[in-house]
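Line by line, the protein sequences give chains A and B. Numbering follows the working numbering, with no gaps: position 111 of the first sequence is 111. Going from the second sequence to the working numbering is simple: count from 1 and add 112.
Since the hints were made in silico from the structure, they are not lab data. Nothing here was measured: the structure is a model prediction, and the numbers come from that model. Ideal Cβ positions, reconstructed from N, Cα and C, are used throughout, including at glycine. There's no promise every hint is true.
As the list claims (entries may be wrong) - Computed cross-link-like contacts, DSBU-like style, restricted to lysine-lysine with a CA-CA straight-line distance of at most 35 Å:
(1) A/Lys60 <-> B/Lys113
(2) B/Lys169 <-> A/Lys52
(3) B/Lys113 <-> A/Lys77
(4) B/Lys169 <-> B/Lys125
(5) A/Lys68 <-> B/Lys125
To be verified - Below, a sample of chain A positions facing chain B; criterion: calculated Cβ distance under 7 Å:
(6) Thr26
(7) Thr28
(8) Glu42
(9) Lys68
Here are the chains, one letter per residue:
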Amino acid sequence: GNSVTQMEGPVTLSEEAFLTINCTYTATGYPSLFWYVQYPGEGLQLLLKATKADDKGSNKGFEATYRKETTSFHLEKGSVQVSDSAVYFCALSFHSWGKFQFGAGTQVVVTP
Amino acid sequence: KAGVTQTPRYLIKTRGQQVTLSCSPISGHRSVSWYQQTPGQGLQFLFEYFSETQRNKGNFPGRFSGRQFSNSRSEMNVSTLELGDSALYLCASSSGQGLQETQYFGPGTRLLVL
């Protein structure tokens, strides 16, 4: 079946550091790929998405590129802020009404 | 446009009781999905409703059920609560027109079973 694997956290960074969160997926076709962010005590917020190979999603300084050849969708940000501290989830959607397959989530802690 | 709303935000129940959670989707959205989030199992899909019909279902026991009303609002019911049902329950909405659409999540209902 379909699955998503994310790097384990927590990832601890200093403010203005470069952030990368690795995400790889297993799916037989061409899923849509998403990154969601969850702040403490809240639901999931869509960060960015890509629907086909080589698409780049971007939002709020975050970027991720859909790489079909490596089945990856790594999240990057060039300069993190304390406010970026949250849990980040990689997810895929493939031929299933309303059903997303989520990774385990990666906690990111940014210190001043 | 108002986002997805869920009520109540917090609930405490005891084993054996039942609980009903409510979700109001974004205006115009006709699909509502439900997820259970726990530290051990992560985010797991429960079911999806579109136009009052369940279109998709995850791998949960029959104690977990749902329904959707004509205004697209949805409820989820858990009967005979177990300690392991303690979780954050999230609902998400979308237009329901495409198989791989973006879903928009509510803030969740945190259920504690004692």
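*Assess, step by step, whether the Cα of A/Lys68 is no farther than 35 Å from the Cα of B/Lys125, and give holds or violated.*
violated, 46 Å
*Hold the hint about A/Thr28 up to the distance rule: shortest CB distance to chain B must be less than 7 Å.*
At about 14 Å, which exceeds the 7 Å cut-off, the nearest Cβ of chain B leaves the hint on A/Thr28 violated.
*Closer than 7 Å between Cβ atoms is the bar; does A/Glu42 clear it against chain B? Give me holds or violated.*
holds, 6 Å
_Would the hint linking A/Lys60 and B/Lys113 be met if the CA-CA limit is 35 Å?_
holds, 21 Å
*Would the stated hint for A/Lys68 survive a check requiring a Cβ distance to chain B of less than 7 Å?*
Hint violated; A/Lys68 Cβ to chain B Cβ min 15 Å, cut 7 Å.
*For the pair we were handed, B/Lys113 and A/Lys77, check the Cα-Cα distance against 35 Å.*
holds, 29 Å
*Are A/Thr26 and chain B close enough, Cβ to Cβ, to be under 7 Å, as the hint says?*
A/Thr26 check fails; min Cβ-Cβ to chain B is 16 Å, beyond 7 Å.
*Given the hint that B/Lys169 pairs with B/Lys125, does the C-alpha gap stay at or below 35 Å?*
At roughly 25 Å apart (the allowed maximum being 35 Å), B/Lys125 and B/Lys169 satisfy the hint.
*Sort out whether A/Lys52 lies within 35 Å of B/Lys169, counting only the CA atoms.*
Given pair B/Lys169, A/Lys52 holds - Cα atoms ~26 Å apart, limit 35 Å.
Figure legend: structure checked against the earlier numbered hints; hints not met, in rising order: 5, 6, 7 and 9.
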